[in-house]
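Chains as they are written, first to last, in our numbering: chain A, 64 to 211; chain B, 3 to 225; chain C, 5 to 232; chain D, 9 to 254.
Hints in this document: simulated from the structure, not taken from any laboratory. Don't take every hint at face value.
[What the hints assert, rightly or not] With a straight-line Cα cutoff of 25 Å, these simulated DMTMM-like cross-link-like pairs (lysine to aspartate or glutamate) come out:
{"no.": "1", "chain 1": "B", "residue 1": "Lys-55", "chain 2": "B", "residue 2": "Glu-35"}
{"no.": "2", "chain 1": "B", "residue 1": "Lys-143", "chain 2": "C", "residue 2": "Asp-87"}
{"no.": "3", "chain 1": "B", "residue 1": "Lys-143", "chain 2": "B", "residue 2": "Asp-128"}
{"no.": "4", "chain 1": "C", "residue 1": "Lys-166", "chain 2": "B", "residue 2": "Glu-35"}
{"no.": "5", "chain 1": "C", "residue 1": "Lys-168", "chain 2": "C", "residue 2": "Asp-82"}
{"no.": "6", "chain 1": "B", "residue 1": "Lys-169", "chain 2": "B", "residue 2": "Asp-43"}
{"no.": "7", "chain 1": "D", "residue 1": "Lys-245", "chain 2": "B", "residue 2": "Asp-43"}
{"no.": "8", "chain 1": "A", "residue 1": "Lys-177", "chain 2": "C", "residue 2": "Asp-196"}
{"no.": "9", "chain 1": "B", "residue 1": "Lys-27", "chain 2": "D", "residue 2": "Glu-241"}
{"no.": "10", "chain 1": "D", "residue 1": "Lys-245", "chain 2": "D", "residue 2": "Glu-28"}
{"no.": "11", "chain 1": "B", "residue 1": "Lys-196", "chain 2": "B", "residue 2": "Glu-149"}
{"no.": "12", "chain 1": "B", "residue 1": "Lys-196", "chain 2": "B", "residue 2": "Asp-128"}
{"no.": "13", "chain 1": "B", "residue 1": "Lys-36", "chain 2": "D", "residue 2": "Asp-209"}
{"no.": "14", "chain 1": "D", "residue 1": "Lys-243", "chain 2": "B", "residue 2": "Glu-48"}
{"no.": "15", "chain 1": "D", "residue 1": "Lys-249", "chain 2": "B", "residue 2": "Glu-35"}
{"no.": "16", "chain 1": "B", "residue 1": "Lys-36", "chain 2": "B", "residue 2": "Glu-48"}
{"no.": "17", "chain 1": "D", "residue 1": "Lys-243", "chain 2": "B", "residue 2": "Asp-214"}
{"no.": "18", "chain 1": "C", "residue 1": "Lys-166", "chain 2": "D", "residue 2": "Glu-236"}
{"no.": "19", "chain 1": "B", "residue 1": "Lys-81", "chain 2": "B", "residue 2": "Asp-93"}
{"no.": "20", "chain 1": "B", "residue 1": "Lys-143", "chain 2": "B", "residue 2": "Glu-123"}
{"no.": "21", "chain 1": "D", "residue 1": "Lys-249", "chain 2": "B", "residue 2": "Asp-40"}
{"no.": "22", "chain 1": "B", "residue 1": "Lys-190", "chain 2": "B", "residue 2": "Asp-214"}
{"no.": "23", "chain 1": "D", "residue 1": "Lys-21", "chain 2": "B", "residue 2": "Asp-40"}
{"no.": "24", "chain 1": "D", "residue 1": "Lys-184", "chain 2": "C", "residue 2": "Asp-196"}
{"no.": "25", "chain 1": "B", "residue 1": "Lys-190", "chain 2": "B", "residue 2": "Asp-43"}
{"no.": "26", "chain 1": "B", "residue 1": "Lys-27", "chain 2": "B", "residue 2": "Glu-48"}
{"no.": "27", "chain 1": "D", "residue 1": "Lys-245", "chain 2": "B", "residue 2": "Glu-135"}
{"no.": "28", "chain 1": "B", "residue 1": "Lys-169", "chain 2": "B", "residue 2": "Asp-86"}
{"no.": "29", "chain 1": "C", "residue 1": "Lys-29", "chain 2": "B", "residue 2": "Glu-149"}
{"no.": "30", "chain 1": "B", "residue 1": "Lys-194", "chain 2": "B", "residue 2": "Asp-128"}
{"no.": "31", "chain 1": "B", "residue 1": "Lys-81", "chain 2": "B", "residue 2": "Asp-43"}
{"no.": "32", "chain 1": "B", "residue 1": "Lys-36", "chain 2": "D", "residue 2": "Glu-236"}
{"no.": "33", "chain 1": "B", "residue 1": "Lys-36", "chain 2": "C", "residue 2": "Glu-83"}
{"no.": "34", "chain 1": "D", "residue 1": "Lys-245", "chain 2": "B", "residue 2": "Glu-115"}
{"no.": "35", "chain 1": "D", "residue 1": "Lys-96", "chain 2": "B", "residue 2": "Glu-45"}
{"no.": "36", "chain 1": "D", "residue 1": "Lys-96", "chain 2": "B", "residue 2": "Asp-86"}
{"no.": "37", "chain 1": "D", "residue 1": "Lys-125", "chain 2": "A", "residue 2": "Glu-164"}
{"no.": "38", "chain 1": "D", "residue 1": "Lys-96", "chain 2": "B", "residue 2": "Glu-35"}
{"no.": "39", "chain 1": "B", "residue 1": "Lys-55", "chain 2": "B", "residue 2": "Glu-193"}
{"no.": "40", "chain 1": "B", "residue 1": "Lys-143", "chain 2": "C", "residue 2": "Glu-83"}
So the chains spell out like this:
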Amino acid sequence: MHPIRRQRLQIVALIFLLSACAAGLVIYVLGQNANFFFTPSQILAGEYRSGSTIRVGGMVVEGSVSRPNENLQTQFTLTDGKTSLDIVYEGILPDLFAENEAAIATGVMSVSNKLIASQVLAKHDENYTPPELTETMDFIRYSDYKVQ
Amino acid sequence: MFFWHNYGPSSLQEFSLSVTILSLKNLSFNRNEKPVFDPIDLEINEGDLVHIKGANGSGKTTLLRILVGLLQPSSGSIKYQGVDLQACLYDYFSNITYVGHNSAVKNSLTVFENLCWMSGENKLVDSHIHTLETFGLLNQKDSLCGELSAGQKRKVALTRILLNDSKIWFLDEPMNALDSQGVSILKKAMEKHKNNQGIVVFASHQDVMVGDVKKILIRNTIH
Amino acid sequence: MNTNYQSNLFFSYMRRDLLIAFRRKSASLNPLIFFVMIVALMPLSLGSYESRLQQMAPGVIWIMALLSVLLSSESLFDEDYRDGSLEQMIITPNLLFMVVLGKITAHWLTKSLPIAIASPLMGLLLSISPESIFSLMIGLIIGTACFSLLGGVGAALTVATKDKSFLLALIIMPLYVPIIIFGSSMIYYRIDGMYWSYPLAALLSIFCMLTILSPLSISGIFRSSMVE
Amino acid sequence: MNWNWFHKFASPKWFYQISERILPGLCVVTFSLLFVGLIWGIGFAPADAKQGNSFRIIYLHVPSSFLALAGYFLMAIAGAIGLIWRIKLSFWVMKCAAPIGGILTLLALVTGGLWGKPTWGSFWVWDARATSMLILLFLYIGVYLLGRSFQNSDSGDKASAFLSIIGTVNIPIIYKSVDWWFTLHQPATINFTSAPSMHPDMFYPLLIMIIAFYFVYGLALTLSLRVEILSRERKTKWVRKLISQQ
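Could you build the full structure based on these sequences and the hints that come with them?
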């Protein structure tokens, strides 16, 4: 049975090698910032690749939405409960976009620590809560707001 | 291999209890729940010539494929040297040669390349030349198999039995598409293999005049 | 039977299949010609607006590459099955893992790799953004390898069936989903200027997994007396 | 390793007789559970804050999507048992489980669509769960078709067993990649049937409905398996005796 045992050895070695690099790659993918978007505190802490397009997620601060001049450029700030980040956006905001609601902005960080957003997505809360519970929504629940 | 008994003087040789290589116990195969042939019980010993005879479509090829290990029987068992086939598959495969109904010859390869692929060497070996000579194919050595006639292709397929010296030959309809010269070569080869304790199991619907032959008559079951 | 084949089983079967493929060059170029034609037809249906084509180009190229490899993977075992050499392959006294891997690599080299190499040209045809050409090619090289591996599994399952080409596509298509997702998102990441090493790493890990799983399952399929 | 008790259980005749006896009881339990679950879910559970009553379809949607996935794994396990120990009955279990699972996936997709219409304005939302459910449906169709495309039914069973095992291995990868794909294109929009933080008295009827659906699955599987046994064993004596008694 010698040839068979040698072949089996070859195959087991190949399988071991391949599963090792498959596992390594999967860990690499899941390990780093694969949860797809940064929170404002991560941005201000500088955990992003400067110059590359990044996505920032957070809650739109009440009263921060403003249009300094009439050419459709809007400014608002996103917060994740701890720090906030100013966003400059040229374009029509999605209809679901409202204050105190979650939003995701995609763009490039400018020098003046503002995000020049090229795309803004709005998200409305999807958890089911009976009517009497919605009023008592406290603010802390939003701080750990992350897309899973 | 296994210890070879010798019962006293050589005259007793042919009466000696020759070693059974393959033993079949009520072997049967169902296709769509319909049995293809009646259960078979057989002991195939060394130096046997087994002729599986039966009308067309009576399950000869199915039986041959089961014996070769390509198909698992629905019931019954095949024992190779006392061990169940599935247990010692690789050992069994290294001792058999199977030439199926369609000859496994690659049309886009030359005869020589086919032989290399069949025998495992990758350069011309004298056993190649010898087999080609016996089958009279030497001058077609470098022509593509696609250009050969069906009979010649069949001969190229049959060279497989001489190339690797395996103990058991399984031949499916070896005689068809062969000319008389091919048939005589095949008979001589089978005779020689039978004499040095080899086994030849072949399926064919006509009667083949080859020495004393152990016959299995296959009747597809009346259902 | 073939005793001294054990040492380079992978290379011997691959060399044999490559030899057969080169003997019949026209047959092995069909997937490439199919790929070129079908991508060239896309602008006729999508309209030749620059922006729309550019946005659709990566997805279109990936789906067309998938179709071309899918159509060609039927011939992987079909020819051997018809002329009987598949039975000889199953009878050989060695593990089928390397044999099957060799055959799939030969199929990949002759039929799927030309598609990956022609993809940048097709990208330009669909006016894809130039900086994503490189990621398109890398992605497709790995992607076509995954397509061939999965196509091999589909071909092994349907080798003894009647209506092969459709059945093979139907049973294998759902398994292509992760490859398509990671492959095309690699290019979209690159176009967005974002870090495209995540989808690439994911695609590579799927490739490694498939290189283990598909030869194992194919040898299991052939050795379980399913090929009538 | 042929534990004969194991093979005794696997004999179709034994299964046919056992199922003869438990069938009435199974029907009663199934329909009562279904009745209780539906009435409680539709009638008495509180409406959702935003979606009002259209949210009640969850009592059909979640159990069917839950069962669809569980059914696929059951099918693959039955196929694996059939391949390893060559037990005919488990191949037939797999053969019957494929259509049932397919129908459940279809039900999940339809109820998902019906639910999507009032709440998100469109029948089909390219959401992670819905897409994975669609792919699961394609996997079921693949296994179903492959099983029937062989002349020899035994190799058909083996082929579909292999395909369901390969499908099971790929399901986690597909689900992971669809989730990831979903966050790529619409990171912030809807993701329903993630672990909903539900109010208790919405949750109990759902639990009952899930159990009821398990019984429905068992009942459907037993019934179709009995048909399969009769058709596959039509040659054997006990089936002929059975038919002659009728």
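To see whether the hints hold, each was checked on the structure:
{"no.": "1", "hint": "Lys-55/B <-> Glu-35/B", "in the structure": "23 Å, holds"}
{"no.": "2", "hint": "Lys-143/B <-> Asp-87/C", "in the structure": "20 Å, holds"}
{"no.": "3", "hint": "Lys-143/B <-> Asp-128/B", "in the structure": "13 Å, holds"}
{"no.": "4", "hint": "Lys-166/C <-> Glu-35/B", "in the structure": "20 Å, holds"}
{"no.": "5", "hint": "Lys-168/C <-> Asp-82/C", "in the structure": "9 Å, holds"}
{"no.": "6", "hint": "Lys-169/B <-> Asp-43/B", "in the structure": "21 Å, holds"}
{"no.": "7", "hint": "Lys-245/D <-> Asp-43/B", "in the structure": "24 Å, holds"}
{"no.": "8", "hint": "Lys-177/A <-> Asp-196/C", "in the structure": "19 Å, holds"}
{"no.": "9", "hint": "Lys-27/B <-> Glu-241/D", "in the structure": "23 Å, holds"}
{"no.": "10", "hint": "Lys-245/D <-> Glu-28/D", "in the structure": "18 Å, holds"}
{"no.": "11", "hint": "Lys-196/B <-> Glu-149/B", "in the structure": "33 Å, violated"}
{"no.": "12", "hint": "Lys-196/B <-> Asp-128/B", "in the structure": "23 Å, holds"}
{"no.": "13", "hint": "Lys-36/B <-> Asp-209/D", "in the structure": "56 Å, violated"}
{"no.": "14", "hint": "Lys-243/D <-> Glu-48/B", "in the structure": "38 Å, violated"}
{"no.": "15", "hint": "Lys-249/D <-> Glu-35/B", "in the structure": "18 Å, holds"}
{"no.": "16", "hint": "Lys-36/B <-> Glu-48/B", "in the structure": "33 Å, violated"}
{"no.": "17", "hint": "Lys-243/D <-> Asp-214/B", "in the structure": "39 Å, violated"}
{"no.": "18", "hint": "Lys-166/C <-> Glu-236/D", "in the structure": "23 Å, holds"}
{"no.": "19", "hint": "Lys-81/B <-> Asp-93/B", "in the structure": "13 Å, holds"}
{"no.": "20", "hint": "Lys-143/B <-> Glu-123/B", "in the structure": "16 Å, holds"}
{"no.": "21", "hint": "Lys-249/D <-> Asp-40/B", "in the structure": "23 Å, holds"}
{"no.": "22", "hint": "Lys-190/B <-> Asp-214/B", "in the structure": "14 Å, holds"}
{"no.": "23", "hint": "Lys-21/D <-> Asp-40/B", "in the structure": "24 Å, holds"}
{"no.": "24", "hint": "Lys-184/D <-> Asp-196/C", "in the structure": "22 Å, holds"}
{"no.": "25", "hint": "Lys-190/B <-> Asp-43/B", "in the structure": "29 Å, violated"}
{"no.": "26", "hint": "Lys-27/B <-> Glu-48/B", "in the structure": "18 Å, holds"}
{"no.": "27", "hint": "Lys-245/D <-> Glu-135/B", "in the structure": "58 Å, violated"}
{"no.": "28", "hint": "Lys-169/B <-> Asp-86/B", "in the structure": "18 Å, holds"}
{"no.": "29", "hint": "Lys-29/C <-> Glu-149/B", "in the structure": "18 Å, holds"}
{"no.": "30", "hint": "Lys-194/B <-> Asp-128/B", "in the structure": "20 Å, holds"}
{"no.": "31", "hint": "Lys-81/B <-> Asp-43/B", "in the structure": "11 Å, holds"}
{"no.": "32", "hint": "Lys-36/B <-> Glu-236/D", "in the structure": "16 Å, holds"}
{"no.": "33", "hint": "Lys-36/B <-> Glu-83/C", "in the structure": "30 Å, violated"}
{"no.": "34", "hint": "Lys-245/D <-> Glu-115/B", "in the structure": "55 Å, violated"}
{"no.": "35", "hint": "Lys-96/D <-> Glu-45/B", "in the structure": "29 Å, violated"}
{"no.": "36", "hint": "Lys-96/D <-> Asp-86/B", "in the structure": "21 Å, holds"}
{"no.": "37", "hint": "Lys-125/D <-> Glu-164/A", "in the structure": "23 Å, holds"}
{"no.": "38", "hint": "Lys-96/D <-> Glu-35/B", "in the structure": "11 Å, holds"}
{"no.": "39", "hint": "Lys-55/B <-> Glu-193/B", "in the structure": "19 Å, holds"}
{"no.": "40", "hint": "Lys-143/B <-> Glu-83/C", "in the structure": "23 Å, holds"}
Taken one by one, the earlier hints fail for this structure at numbers 11, 13, 14, 16, 17, 25, 27, 33, 34 and 35, listed in ascending order.
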